[in-house]
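K.L.:
Spelled out from the first residue to the last, the chains are:
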Amino acid sequence: MIRVVLPQHLRTLAHVSGEVTLEVEGVVTQRSLLNALEARYPMLQGTIRDHVTQQRRPFLRFFACEEDLSHELPDTPLPSSVASGTEPLLIVGAIAGG
Amino acid sequence: MSTVRVLVGTRKGAFILTSDGKREKWDVSGPHFTGWEMYHLKASPADPNRIYASQSSGWFGQMIQRSNDGGKTWEAVGNKFVYDGVPGTHQWYDGTPHPWEFKRVWHLEPSLTDPDTVYAGIEDAAIFRTTDGGQTWHELPGLRKHGSGPHWQPGAGGMCLHTIILDPSNPDRIFIAISAAGAFRTDDGGVTWKPINKGLHSQYIPEPTAEVGHCVHHIAMNPSRPGVLFMQKHWDVMRSNDAGESWQEVSGNLPTDFGFVIDVHAHEPETIYVVPIKSDSEHFVHDAKLRVFRSRTGGNEWEPLTKGLPQSNCYVNVLRDAMAVDLMESCGVYFGTTGGQVYASSDAGDSWSAIVRDLPAVLSVEAQTLP
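First to last, the protein sequences are chains A and B.
Heads up: the first sequence runs through residues 1 to 98, numbered per the working numbering.
Heads up: the second sequence runs through residues 99 to 469, numbered per the working numbering.
Label pairs and their computed distance ranges (CB to CB):
(1) A:His-51 with B:Asp-167: 26 to 32 Å
(2) B:Thr-194 with A:His-71: 25 to 31 Å
(3) A:Gly-85 with B:Pro-195: 47 to 53 Å
To give an idea of the interface, some chain A residues facing chain B are shown, with a C-beta separation under 7 Å as derived from the structure:
(4) Gly-46
(5) Thr-47
(6) Val-52
(7) Phe-59
From chain A, some residues computed to sit far from chain B (all C-beta separations above 10 Å):
(8) Arg-3
(9) Ser-70
(10) Leu-90
Because the hints were derived from the structure by calculation, they are not lab data.
Please read these numbers as outputs of a predicted model, since none were measured by experiment.
Don't be surprised by glycine CBs; every beta carbon is placed ideally from N, CA and C.
The following block holds chain A by itself, in its conformation from the complex (with noise of 0.2 Å):
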């Protein structure tokens, strides 16, 4: 089971609370885990990279490990920890904005 943990106004947004949890396919990277996750939940379609360039949203960061993996390429696989999930991929919203 591959964890996430998005940032509360997703959570708010998908109805749920805690961490997510998803099974996927193959090898786990950034959009496989995506598509997962936009499958399972498709109100999230949009909100995490745009619908038409599949591009990461700007105020957006992608980390896990105490890496930040926001600029590795949408099919590089994620760390082995992640893939088995040992650790969670971490969503997370810049800090900005009032």
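Please arrange chain B on chain A, whose structure you already have, making use of the hints.
P.N.:
Same frame as chain A, now just chain B:
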């Protein structure tokens, strides 16, 4: 007895204010969608418990929410707004070409007859329509592609399509307005559009009487006279007696004719309301007094309405979609401020009281009259 429901969008959530027909005591529900910018909420005239809401955020983008029970519960529906074909470019602030990019939905206008059909006015300016209750949205591309689109420029608040008015006497006629392109009309259900800006004079553009480029802030219409339109332009209050073919200035004795909102009395089509704002560089009320100005003559002759409104040390703004009227026999008028107050008048503006005083900055106000 009838009920009045007021839908309030703010910078940090939505609120639903409900009262009986006396409109003295109000129930305040909310915040809904806490922390999100709620640009607009509007109910279907064909099914008053069907409400659509535009929810957006700089972090997470655009959501559209739909309620089937008058705002008690909500479900997220489609949020994919993709321009038709190759989007092309409009002008950026510095005059250079800039690609059309979806940013947010400013205004939702449900069909007068079908609860599943809704028009959306978006930034960067375009009009979209859903016919399946918000699940999917499709652009009416004739507006952006009618010819002047590459010359449109954003106003300071973005290049937003903020006003959509459906003509109750002609289902093929729609009026829209864009900052800062101007007003447009379709007479064929949105396939083709024409600018309707003749008579507007804007000194802040190179050609003050140009066909497009005017910063129209809002337009209002009384459904009983769909050919008569009232406009609050950046500066100038205008009226048209011929469905926008021509406009005449009716600013008259207003202390300043800059402003954002304009609305029309529900039963008296020559009674109109504006809230003058000091200037384009000082976006707060004139003279530190919150005054609604009412004209009973369709413009030119205005009276200040002050009873119950702060008359000193007031520095709020009233944004373009933040005024509405109800349909009660004694017409109710409502408006929200950037200071978070929502004021109501149950006597057509003669006196006012605050329903709530400390909401986040108010972006939009709509009123429903329920049986």
